[in-house]
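Sequence order for the protein chains is X and Y. Here the first sequence stands for residues 27 to 136, numbered as in the numbering used here. Here the second sequence stands for residues 18 to 135, numbered as in the numbering used here.
Keep in mind that the hints were calculated from the coordinates and are not lab data. Take these hints with a grain of salt, some might be off.
[Claimed, not checked] Quick partial rundown of chain Y residues pointing at chain X, CB under 10 angstroms, derived from the structure:
id: 1; residue: Trp-64
id: 2; residue: Ala-92
id: 3; residue: Lys-93
id: 4; residue: Ser-95
id: 5; residue: Thr-119
id: 6; residue: Gly-126
Since this is a predicted model, take the numbers as computed values, not measurements. All C-beta atoms in this analysis are idealised placements derived from N, C-alpha and C, irrespective of residue type, glycine included.
Chain residues, written in single-letter form:
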Amino acid sequence: QSALTQPRSVSGSPGQSITIPCTGTSSDVGGSNYVSWYQQHPGKAPKVLISEVNKRPSGVPDRFSASKSGNTASLTISGLQAEDEADYYCCSTAGFHIYAFGTGTQVTVL
Amino acid sequence: EVQLVESGGGLVQPGGSLRLSCSASGFTFRSYWMTWVRQAPGKGLEWVANINPDGGDTYYLDSVKGRFAISRDNAKNSLYLQMNSLRPDDTAVYFCARFGLTAALDCWGQGNLVTVSS
Chain X
27 QSALTQPRSV SGSPGQSITI PCTGTSSDVG GSNYVSWYQQ HPGKAPKVLI
77 SEVNKRPSGV PDRFSASKSG NTASLTISGL QAEDEADYYC CSTAGFHIYA
127 FGTGTQVTVL
Chain Y
18 EVQLVESGGG LVQPGGSLRL SCSASGFTFR SYWMTWVRQA PGKGLEWVAN
68 INPDGGDTYY LDSVKGRFAI SRDNAKNSLY LQMNSLRPDD TAVYFCARFG
118 LTAALDCWGQ GNLVTVSS
């Protein structure tokens with residue numbers, strides 16, 4: 027039950043696009059159809075952005091998109107906005123009803 | 018409105034016990050898988066435990082297996098986490114959350130701080 031690997035921080039200017047990778051193994055990300063992404067602002071509970079690798083729940087702006095290739099999942103934020111400054115976490119199944127989160131990425135809007 | 022409200026956190030000495038509660042409202046609680054997730058101060062999210070809708074199946078993070086027990090009372094729309102043999106590295110904000118139909122955590126409680134210290 028190891029954490030998935032994310033970069034500690036990513037930054038971009040307003041309007042730019044950024045991508046956050048989430049690297050695991052064939053036992054988790056690579057073998058899972060249940061990769062999700064969460065946004066967390068300081069002092070708040072996380073909020074789901076993406077489910078099932080690339081599905082966006084209703085209410086989530088279409089600036090957020092995601093994909094997976096091999097053992098790496100990725101979250102892309104297009105048209106970066108000031109309110110996107112937050113921490114982002116990936117999450118994947120890592121066994122039968124076992125889950126692992128990513129190490130988290132702090133996004134800074136320059 | 019779908020809502021989860023946690024209670025029961027606080028300060029406990031190493032080796033002590035604490036029970037967290039999570040009260041659900043606004044949805045059919047007995048139909049959903051539920052989970053506990055924790056976040057140590059300044060650190061990332063860590064999955065702790067899952068429970069199926071009828072409470073008959075539970076799953077745990079290796080480091081809490083044998084010390085923590087997740088349970089639920091569907092008649093009371095409540096989720097619980099019994100934490101025994103607590104260690105300083107269990108210090109964290111504990112969130113309860115609901116697994117939605119797409120196996121993502123689509124509703125979260127506000128979080129409850131548990132501090133293990135002498």
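Results for each hint:
no.	hint	in the structure
1	Trp-64	holds, 4 angstroms
2	Ala-92	violated, 24 angstroms
3	Lys-93	violated, 22 angstroms
4	Ser-95	violated, 18 angstroms
5	Thr-119	holds, 4 angstroms
6	Gly-126	holds, 7 angstroms
In this structure, the earlier hints numbered 2, 3 and 4 are contradicted, and the remaining ones agree with it.
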